[in-house]
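Here the structure of chain A is known, so what remains is to put chain B in place on it, guided by the hints.
Quick mapping for you: the protein sequence lines, in order, are chains A and B. End of the first sequence = 292 in this note's numbering, gap-free, step of one. End of the second sequence = 517 in this note's numbering, gap-free, step of one.
It is worth saying that the hints were derived from the structure and are not from the lab. Don't take each hint at face value.
[Claimed, not checked] From the derived model, a few chain A residues whose C-beta atoms are all more than 10 angstroms from chain B:
| hint | residue |
| --- | --- |
| 1 | Gly82 |
| 2 | Ala96 |
| 3 | Gly204 |
[As the list claims (entries may be wrong)] Below, in silico cross-link-like pairs of lysine to any residue (SDA-like), each with a Cα-Cα straight-line distance of 20 angstroms or less:
| hint | chain 1 | residue 1 | chain 2 | residue 2 |
| --- | --- | --- | --- | --- |
| 4 | A | Lys2 | B | Arg407 |
| 5 | A | Lys13 | B | Thr334 |
| 6 | B | Lys368 | A | Phe117 |
| 7 | A | Lys114 | A | Ala96 |
| 8 | A | Lys2 | B | Glu390 |
| 9 | B | Lys429 | A | Lys2 |
| 10 | A | Lys198 | B | Ser329 |
| 11 | B | Lys338 | A | Asp195 |
| 12 | A | Lys13 | B | Thr480 |
| 13 | A | Lys13 | B | Asp428 |
| 14 | A | Lys198 | B | Thr334 |
| 15 | B | Lys381 | A | Phe209 |
| 16 | B | Lys447 | A | Asn85 |
| 17 | A | Lys198 | B | Lys338 |
| 18 | B | Lys405 | A | Phe209 |
| 19 | A | Lys198 | B | Thr363 |
| 20 | B | Lys368 | B | Thr480 |
| 21 | A | Lys141 | A | Leu67 |
| 22 | B | Lys365 | A | Gly5 |
| 23 | A | Lys198 | B | Lys504 |
| 24 | B | Lys504 | B | Ser329 |
| 25 | A | Lys2 | B | Thr334 |
| 26 | B | Lys405 | A | Gly5 |
| 27 | A | Lys13 | B | Glu390 |
| 28 | A | Lys198 | B | Thr387 |
| 29 | B | Lys381 | A | Pro206 |
| 30 | B | Lys381 | A | His192 |
| 31 | A | Lys198 | B | Glu379 |
| 32 | A | Lys2 | B | Arg397 |
| 33 | B | Lys405 | A | Asn3 |
[Stated by the list, open to error] Under 8 angstroms between C-beta atoms, here's a sample of chain A residues computed to sit facing chain B:
| hint | residue |
| --- | --- |
| 34 | Arg201 |
| 35 | Leu202 |
| 36 | Asn238 |
Idealized CB from N, CA, C, for every residue including glycine.
Residue-level listing of the chains:
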Amino acid sequence: MKNIGYFLREAGKIIRYNHVSNIFSLLGTGLILFLLGLVVALWGVSSQLVGMLQQEAEISAYFSSQLEDPQDIINNIQLIDGVWNVRYVGAEEARARMENILGDESYVLDLFEKNPFEPYLEIRIHLDQIDSVLQTIKNLKGIDYVRDNREVLEQIKGVARALEILGYLVIAAVSITTLVIISHMIRQGIFHNRDQIKTLRLLGAPDSFIGFPFVLVGFLLTFGGGLLAAVLITILINRGYGQLGGTLPFIPLPSRDRLLLGLITLLLSGSAALGILGSLFGLSSINKENHG
Amino acid sequence: MIKARNVSLVYRDGTVALQNINLNLHQGGLFYVIGPSGSGKTSLMKLLMGMEFPATGFLEVMGQPIHKRETAKIRKLRRDIGPVFQEFKLILGRTAIENVIMGMRFLDIPLQKARESAKNALVRVGLEHKAFTLVDKLSYGEAQRVAIARAVARKPALILADEPTGNLDHDNAVKILKLLESFKDKSTTVMITTHATHLIDECRSATLIHVKKGEISIERGGEQI
Chain A
1 MKNIGYFLRE
11 AGKIIRYNHV
21 SNIFSLLGTG
31 LILFLLGLVV
41 ALWGVSSQLV
51 GMLQQEAEIS
61 AYFSSQLEDP
71 QDIINNIQLI
81 DGVWNVRYVG
91 AEEARARMEN
101 ILGDESYVLD
111 LFEKNPFEPY
121 LEIRIHLDQI
131 DSVLQTIKNL
141 KGIDYVRDNR
151 EVLEQIKGVA
161 RALEILGYLV
171 IAAVSITTLV
181 IISHMIRQGI
191 FHNRDQIKTL
201 RLLGAPDSFI
211 GFPFVLVGFL
221 LTFGGGLLAA
231 VLITILINRG
241 YGQLGGTLPF
251 IPLPSRDRLL
261 LGLITLLLSG
271 SAALGILGSL
281 FGLSSINKEN
291 HG
Chain B
293 MIKARNVSLV
303 YRDGTVALQN
313 INLNLHQGGL
323 FYVIGPSGSG
333 KTSLMKLLMG
343 MEFPATGFLE
353 VMGQPIHKRE
363 TAKIRKLRRD
373 IGPVFQEFKL
383 ILGRTAIENV
393 IMGMRFLDIP
403 LQKARESAKN
413 ALVRVGLEHK
423 AFTLVDKLSY
433 GEAQRVAIAR
443 AVARKPALIL
453 ADEPTGNLDH
463 DNAVKILKLL
473 ESFKDKSTTV
483 MITTHATHLI
493 DECRSATLIH
503 VKKGEISIER
513 GGEQI
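So here's chain A without its partners, still in its complex pose (with noise of 0.2 angstroms):
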């Protein structure tokens, strides 16, 4: 503790050392930090709306208009495994429904004499088990006609794994550049603080001694990067919400504060251990040399 003085002094003067450089790795670094930041965001929105309408999958079971009363095909249907609610939707119901989904275009609706909806049951089920749940509706007799939307949910989900492995990849890609910029960046304050290096060595002082401005500029560049990211996700993120909130507001996005409160943690915490682990990566180069 005796040192941090020293040690911050040292590290400003390695970072002064060599400015426009590490002022670009730091930007360079709050950029792709940045892209990470996105991904992830993009990453966390999508698997928030696979798990909703996971949660949400239902199917539709229309029945056939000679059927007076249906309670007998609801109590049936409840009694399926994987199914865990049945719903009774008349056909004012659906025709509601829809008017509330066109909006202002629902006059035409107006334009059949009759309402063109039909009754229908609505089934709450669980998504793991649809291929059986749906066997055994169609089966019932009175069914005409079950409707699904696992083609959807499908596809859903493939852009959800898909941005789960992009995600994966811009981790790795991001490390890895990182790291080599950072140990890059250290191995030259190390190259122009040759000398020092050496005498320090003659003198006894230990590695640790000696390494710790050097862990501290890696930290403090890859930090300084993660902060610009956590700005620049900030205001992206606040301004995409806005945006979305607005013209898709059937989109389940997850709580802002939520999702944002978990991106500047992850690049924060991120940052500040890929710099550590760059600069003890650039350091190692000192080890390389003679012990002198």
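Frame of chain A, contents of chain B only:
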């Protein structure tokens, strides 16, 4: 303090710098390592500092064997040595006092005490008025005295000064030698290399280690040992 048995030093290019050195030096003495340029004086200093390792034989400094496998322990050993290098090895862009304190930052000495020791050492070498001057702006002789202050401020058990009279005129060279000699006491050994034997004629209390073509002989009080 220093034990050497049949120690040889061979550089990577095959040059034999020292051969079959035998030494048994006790703590608290004053030793002059003398000999013409290229005789192996600096090589001996490098061995004692653990900057080079014996090709053959056994060398021990303050109980620490000097061996390639012992680099971490040798680093610790150096904390008990006050080196004055031929080329000083001061850290440029820092003041004199910063350079002196630098040698103590990683030791178990509180910062305030290190500052006091640094000030006292600069007073002792007559440079208190240049304490806050950048070492880049000091004269050759002043820079050398800062190097001496750095070496002695941390109160080492062994002071190793390599050619401290190098480029100095006669009067200043004698002053520097007298200064270094003054740090010798019961617990501090001082070892100085020099090719300027005429400067140490008056110093009869010193043990002279003659190095010639990589071999040594020892003389004390005018008698060969």
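**Report entry** 20 angstroms limit on alpha-carbon distance, applied to hinted pair lysine 381 of chain B and proline 206 of chain A
**Finding:** holds, 18 angstroms
Query raised in the report: Within a Cα-Cα threshold of 20 angstroms, do lysine 198 of chain A and glutamate 379 of chain B meet the stated pairing?
Result: holds, 13 angstroms
Query raised in the report: Taking 20 angstroms as the top limit, are the C-alpha atoms of lysine 2 of chain A and arginine 397 of chain B close enough?
Result: holds, 8 angstroms
Requested in this report: Decide if the proposed pair is consistent with the structure: lysine 198 of chain A and lysine 504 of chain B, CA atoms, cutoff 20 angstroms inclusive.
Outcome: violated, 29 angstroms
Requested in this report: Could you let me know if the closest chain B CB is still more than 10 angstroms away from the CB of glycine 82 of chain A?
Outcome: holds, 65 angstroms
Query - chain B contact restraint for asparagine 238 of chain A - C-beta distance below 8 angstroms - result: Where the cut-off is 8 angstroms and the nearest Cβ of chain B is about 45 angstroms from asparagine 238 of chain A, the hint is violated.
Query raised in the report: Do the numbers back the hint for leucine 202 of chain A, that is, is its least Cβ distance to chain B under 8 angstroms?
Result: holds, 6 angstroms
Requested in this report: Please work out if lysine 13 of chain A and threonine 480 of chain B have their alpha carbons no farther apart than 20 angstroms.
Outcome: Violated - the C-alpha atoms of threonine 480 of chain B and lysine 13 of chain A are around 36 angstroms apart, more than 20 angstroms.
Query - Hinted pair lysine 141 of chain A and leucine 67 of chain A, Cα distance within 20 angstroms - result: Satisfied, since the Cα-Cα distance of roughly 10 angstroms is no more than 20 angstroms.
Query raised in the report: Given the hinted pair lysine 405 of chain B and asparagine 3 of chain A, is their alpha-carbon gap at most 20 angstroms?
Result: Distance of about 14 angstroms is within 20 angstroms: holds.
Query - Proposed proximity, threonine 334 of chain B with lysine 13 of chain A (alpha carbon, max 20 angstroms) - result: Distance of about 33 angstroms is beyond 20 angstroms: violated.
Query raised in the report: Is lysine 2 of chain A close enough to glutamate 390 of chain B, meaning Cα to Cα at most 20 angstroms?
Result: holds, 15 angstroms
Of the hints listed earlier, those the structure fails to meet are numbers 3, 5, 6, 9, 10, 12, 16, 22, 23, 25, 36, in rising order.
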